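As a plain string of letters, each chain reads:
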Amino acid sequence: MNDTHSLAEFTLRGVHAFTIAAWLLFDFIVYWLHFKVKDARADLHERLERAHIMHGIDTVVAYIFIGTLPIGIALAWLTNTPLFSTEWLNWKHLMYGLIIVAAIVLIPVSGTALRNLEAMKKGAPNVDELNRQIERDMNRAMPWVFLIWTLIIAMTLISVLNIKCPHCHQLIFG
Amino acid sequence: MVWLLWIFVVGGGLLMGGASALSLVNRGFDLVVAANALLYLGTAAYGAPRLLRLVSNTVRKEAR
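Protein chains in written order, with the numbering used here: chain Z, 1 to 174; chain U, 1 to 64.
Treat the hints as calculated values from the structure; they're not laboratory data. All of these numbers come straight from a predicted model, not from anything done at the bench. C-beta atoms are modelled at their ideal positions from N, C-alpha and C, and glycine is treated no differently. Heads up, a few of these hints could be off.
Stated by the list, open to error - Label pairs and their in silico Cβ distance ranges:
hint, chain 1, residue 1, chain 2, residue 2, range
1, U, Gly28, Z, Ile73, 35 to 45 Å
2, U, Gly28, Z, Ala17, 31 to 41 Å
3, U, Asn26, Z, Arg41, 23 to 33 Å
4, U, Arg50, Z, Leu25, 49 to 59 Å
5, U, Leu22, Z, Pro125, 31 to 41 Å
6, U, Gly28, Z, Lys36, 24 to 34 Å
Said to hold, decoys possible - Facing chain Z, a subset of chain U residues (Cβ under 7 Å, in silico):
hint, residue
7, Gly12
8, Asn26
9, Val32
10, Leu41
11, Thr43
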């Protein structure tokens with residue numbers, strides 16, 4: 001029973017850490033792709049192809065973002081840690097809440113590039129305006145994207161500093 | 001996807017906001033926990049009308 005519990009806890013911790021690492025990595029890839037997508041001088045087909053890849057990765061990131069909370073709650077339940085009982089978890093929850101705010105800001109701007117590039121491919125006459133919209137929305141999104149990166153890294157550091165090693169009796173933040 | 005995101009914002013906000021508010025009642029005031037309650041309940045309050053609009057628009061489309 002104890003072994004099963006430990007195995008479940010170990011697996012969930014692994015999944016939790018892996019999904020956060022994947023989230024950050026995918027975010028970096030999307031950031032790298034966005035330069036070409038917003039470049040109005042680049043080839044339209046190439047931009048559209050990259051926008052499709054960005055959209056696909058963003059969808060995966062959205063699932064990871066949503067999945068992080070239930071996995072974290074399950075981990076808290078498995079380790080018998082009430083959600084708002086420790087200083088470090090309170091901070092982690094606060095940072096995750098700020099990421100939700102950033103996601104709310106990013107929802108309306110996330111589809112602009114793909115939608116506008118597809119309109120251009122179909123022969124929309126207002127190409128300049130559509131390109132300006134893409135650049136404006138992507139530039140507006142950037143501060144929120146940087147905020148998300150900072151918060152994910154801060155949350156990861158807090159978690160790593162609180163890993164309970166077999167010889168440690170107390171968490172760093174308690 | 002948009003559906004799932006708004007359900008998550010409202011559901012997660014209510015769950016985490018409720019848990020932090022309950023913790024404030026049971027364990028006493030803590031600034032970070034209070035900020036959590038404000039943030040999560042705020043996102044739930046912000047998302048609820050959008051989710052309801054999404055539901056009503058879908059129902060209206062289905063009815064047509």
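Going through the hints against the structure:
At about 23 Å, the beta-carbon gap between Gly28/U and Ile73/Z misses the expected band of 35 to 45 Å. The hinted range of 31 to 41 Å is satisfied by Gly28/U and Ala17/Z, whose Cβ atoms lie roughly 33 Å apart. Distance hint check for Asn26/U and Arg41/Z: the Cβ-Cβ separation is about 60 Å, which falls outside the suggested range of 23 to 33 Å. Checked against the hint of 49 to 59 Å, the C-beta distance between Arg50/U and Leu25/Z comes to roughly 30 Å, which is inconsistent with it.
Hint check: Leu22/U to Pro125/Z, Cβ distance near 57 Å, so the stated range 31 to 41 Å is violated. Restraint check, Gly28/U to Lys36/Z: a C-beta distance of roughly 53 Å breaks the suggested window 24 to 34 Å. At its closest, the beta carbon of Gly12/U sits 5 Å from a beta carbon of chain Z; the interface hint therefore holds under the 7 Å criterion. With its C-beta approaching chain Z no nearer than about 9 Å, Asn26/U sits outside the 7 Å limit, and its interface hint is violated.
With 7 Å as the threshold, the beta carbon of Val32/U comes within range of chain Z, its nearest partner Cβ sitting at about 4 Å, so the hint holds. Because the closest C-beta pair between Leu41/U and chain Z is about 10 Å apart, greater than 7 Å, the hint is violated. The interface hint given for Thr43/U is met, as the beta carbon of that residue sits about 5 Å from the closest beta carbon of chain Z, less than 7 Å.
Comparing the model with each numbered hint stated earlier shows that hints 1, 3, 4, 5, 6, 8, 10 do not hold.
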